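> For chain D, the structure is supplied; the task is to place chain B with the ligands on it using the hints.
Note that the protein sequences, when read in sequence, are chains D and B.
Just so we're aligned: the first sequence equals residues 1 to 329 in the numbering used here.
Just so we're aligned: the second sequence equals residues 1 to 265 in the numbering used here.
The set of hints was computed from the structure by calculation and includes no laboratory data.
Be a bit skeptical, because a hint or two may be false.
Sample of chain D residues facing chain B (criterion: CB under 7 Å; computed from the structure) [unchecked claim]:
id, residue
1, 36
2, 40
3, 80
Listing some non-contacts, in silico: residues in chain D with all C-beta distances to chain B over 10 Å [as the list claims (entries may be wrong)]:
id, residue
4, 22
5, 247
6, 274
7, 277
Now the stretches of chain B that chain D is said to cover, found in silico as 3 or more residues with beta-carbon under 8 Å [stated by the list, open to error]:
id, segment
8, 3-11
9, 214-223
These numbers were taken from a predicted model, which means no experiment stands behind them.
Don't be surprised by glycine CBs; every beta carbon is placed ideally from N, CA and C.
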Amino acid sequence: MGGSSAAQTAEGFSLEVSLGPLRLSSPLIGASGCVAFGEEYRRLYENSRQAMEGSSIAQLGAIVTKAVSLKPRGGNPPPRVAETPAGLLNSIGLQNPGLDHFLAELAPRLSQLGTKVIVNLVGDTAQEFAELASILSQKTDFPAFELDLSCPNVEEGGRSFAMSLPSLREVISRVRQVTDRFLIAKLAPNVCDIGEFAQAAVEAGADALTVANTWIGMVVDVERRTSRIGRTTGGVSGPAIRPLTMALVHRVRQAVRVPILASGGAVRTQDVLEYLIVGASAVQIGTGLWIDPMCPLKINRGLREYLARHRMSLGELIGSFQAEVSRGG
Amino acid sequence: MQYGFFQVLRQVELAPEHFVIWGRLTPPPHQPILPGSFLHLKVDPPGDYRMLWRPYSFLDYQPDTHQAAIYYRVVGEGTGQLCQRREGELLPAIYPLGTPFTHEGVSRAIMVAGGVGVAPLLMLYDRMRHSSPQLRVEFLFGARSGRDLVPGLLEEFGVVARMASEDGTLGHRGYITDLLPEVLEQGEWQMVYACGPNPMLSALADLLPEGLPCQVSLELPMACAIGVCNGCNLPLRSDGGRYPRRLCVEGPVMDLREVDFAALV
Ligand SMILES: Cc1cc2nc3c(=O)[nH]c(=O)nc-3n(C[C@H](O)[C@H](O)[C@H](O)COP(=O)(O)OP(=O)(O)OC[C@H]3O[C@@H](n4cnc5c(N)ncnc54)[C@H](O)[C@@H]3O)c2cc1C
Ligand SMILES: Cc1cc2nc3c(=O)[nH]c(=O)nc-3n(C[C@H](O)[C@H](O)[C@H](O)COP(=O)(O)O)c2cc1C
Ligand code: FES
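The shape of chain D in the complex, shown without the other chains (with noise of 0.2 Å):
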C-alpha cells in the first residue's frame, strides 16, 4: 500500500534531460553497435508488452546507431565475441553497411523509430570522418553524431585517434569545420590520463564526450593456445569494466565542463545512479542489454522512485558527488 503510493509519487518526477538540442525523455541511451539501427529493440519491446508493461523503444530516451563508414565493412572473422566474468569481449570489426545504404535505407525508417537517434561515424582516417559529417549534414537531419574515435587512424600507423592527443584534434577539429551538429567525442578508455584527452577533444571543437569505449582485453584458449576470438585482441564490455569506467567519469568531470554520456558495464538503477552522481548527464546501455533486455525499463522505474525519496530532480542528481565528505566515526 505504501508501495503504491510512493510509486505514484515517483511517476511525477521527469527523467527529462537535455545534451544540447537533443531532449530526451530518459537519461538511458542505448549505445552504438549494441542496438544496430533500432529496429530489432523496437521490434522486440513492442511483441513484449504482456510480459512487461510499458515496455518500448521509448524507454531509451535515444539510441546511437552502429558505427557508419564510407564505404561497407564486412568485419573480423569468427568467433567474434566471447564471455568473460561479467562481461563480453569482441572483436566485431565495425561491420556495417556503409553510407550509402544507410542514407538510401537506414535513414529514412529511423525517423520513425520512436526515439531520438545518434549516428555513431568511423572512419580510417580525419579526412574520412569530415566527409562522412558533411554528406550526412548536408542530407539529414539527425541531431547529433558521436565520433568512435577508438578505431584505427591508419594514417597514425594504425594507432587509435583517441589514443594520440595530436590525432584526436585534428579529427575533432576537421569535423567540427564541415557540420553544426552536436558533436560527441567518444573516447577510448586505455589512455593514461584521459582528463588531457578530455580537454584535448573539447578545445577541438566536441559539445560533448561518450565516456568510454570498450577496454582492451584478451583471452587466450588453454587447449588451443590461441585467442577465444578471431582476433589476439578484442573490446572488453559489461559490469566488469564498471568501476574502471566510473573513475574515467569522475576524471573527465573534473577536467572539463561539457556533458558527459558514460558507458561501461550500466545494467541496473544502482550503475546509472553512480554514473549520474558522479556526473554524467545520459547513461549508455550496450552489454546490460544482454544481460537484461528489460534493464531499460526497470532502471527509469528505479530513478524515479530513488527520485522521489531522495526529494529531488534529475539535475540535482547529477554530479551530485561529494568526494570529500566523512565517513562518520
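Here is chain B with the ligands on its own, set in the frame of chain D:
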C-alpha cells in the same frame, strides 16, 4: 520474437550431466515454435545481472499447453547454472528466434546428429512424422562416448538410430559420418538434416554427393541472439570475407554448402 519467461516445470536427468528441462512459455508465443528455431535464456539466478544469456534449440514444444523442452549437457558455466534452476522459477527468455528447418515435400531424409545437436533433429523428426505419413528417415547419432548417446531420449521420440561413439562404448567405434556412405546407397534421399560439432558438419560437407541438399543447424557464441551485435556472423564460401549472414537471424539453419568451415575453426 518476444520477451517472456520460461517457467520451469521440471528437470529430468537422463544420464549424468545430461538434462532435459521443461518449462512453460509465459506469455504464450505469438509465433509458432518450429524445429530449428531456438530461444535465448537467462540461466543464472534471478537478481544476478552479470552473465550473458545462452541460446538453446527447442527439443519439443506442445502448443496446447505452451510447454517447451530443451536438451542440454553440462559443459561449462552457463549449463552449470541452468542445471540448478528449479520448478517454479521464472527464467527470462526471448522466443522464438532464428530461421527454422524447412521440410515441405520432404518424405525421405537422412538426419545426422552429433551430441546435443540431436535436439532440433528430434523435434524435426516428430513434426515430419505427423505431417508426412510415408516418411522414411534414417537417423544417425554419434557422440564421443556411449554415455552421451542417451537412449531414453530417442525412445521418447520413437526414433531408432544408427549410433557411433568415438570410444566404441556404444554402436560403431568411430565417427558417425563413417556410417554415411552405406546409408546414402540405400535410397533415393531428398534431403539431409544435420546438427552437431563443426568438425562433423565439415566432414559431412565432404561426403555428400552433389545434388543432395543439406540443411545444418550451426552454433557460434551469441551475445544478443536478436541480430543487433553482429557477433555471430558466419563465414560463407562465396562472401569474400564480408560475413553478411547473422547466425541468430538468417540461421541457425543454413545450407551446408554455403558455409566456409575452414574459416569456422
Ligand atoms: C542456435 C543454438 C542452439 C543451441 N542449442 C543447444 C542445445 O539444444 N543444447 C545444448 O546443450 N547447447 C546448445 N547450444 C549451445 C549453448 O548455447 C551453450 O553454448 C552450451 O550449453 C554451453 O554453455 P556453457 O555456458 O555451459 O559453456 P561455456 O562455459 O560457454 O563453455 C565451456 C566449454 O565447453 C565448450 N562447449 C561449449 N558448448 C559445448 C557443447 N555444446 N558441447 C561440448 N562442449 C561445449 C566451450 O567451448 C568451452 O570450452 C546452442 C547454441 C546455439 C547457437
Ligand atoms: C558487440 C559490440 C559492438 C560495438 N560496436 C561499437 C561501434 O560500432 N562503435 C562504437 O563507438 N562503440 C561500439 N561498441 C562499444 C559500446 O558502444 C560501449 O561503449 C561499450 O560496449 C561499453 O559499454 P557497455 O559495457 O554498456 O557495453 C560496441 C560494443 C559491443 C559490445
Ligand atoms: S548474436 Fe548478436 S547478431 Fe547474432
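> Could you run down the list of hints and mark each one as holding or not?
Here is what the structure says about each hint:
A distance limit of 7 Å between C-beta atoms decides the matter here; for residue 36/D the minimum to chain B is near 4 Å, and the interface restraint holds. Given hint, residue 40/D at the interface with chain B, holds; its Cβ is 5 Å from that chain's nearest Cβ, closer than 7 Å. For residue 80/D, the interface hint holds, the least distance from its beta-carbon to any beta-carbon of chain B being 5 Å, beneath 7 Å. Every Cβ of chain B is farther than 10 Å from the Cβ of residue 22/D; the closest lies at roughly 22 Å, confirming the non-interface assignment.
With a least CB separation of 20 Å from chain B, residue 247/D remains clear of the 10 Å interface cut-off, as annotated. Every C-beta of chain B lies more than 10 Å from that of residue 274/D, the closest at about 14 Å, which supports listing it as non-interface. Residue-level check passed: residue 277/D sits 19 Å from the nearest beta carbon of chain B, beyond 10 Å. Check result for the segment 3-11 of chain B against chain D: holds, 3 residues qualifying (beta carbon to beta carbon below 8 Å, three or more required).
Requiring three or more residues with a Cβ within less than 8 Å of a Cβ of chain D, the coverage given for the segment 214-223 of chain B holds, as 4 such residues are present.
Checked against the numbered hints above, the structure violates none of them.
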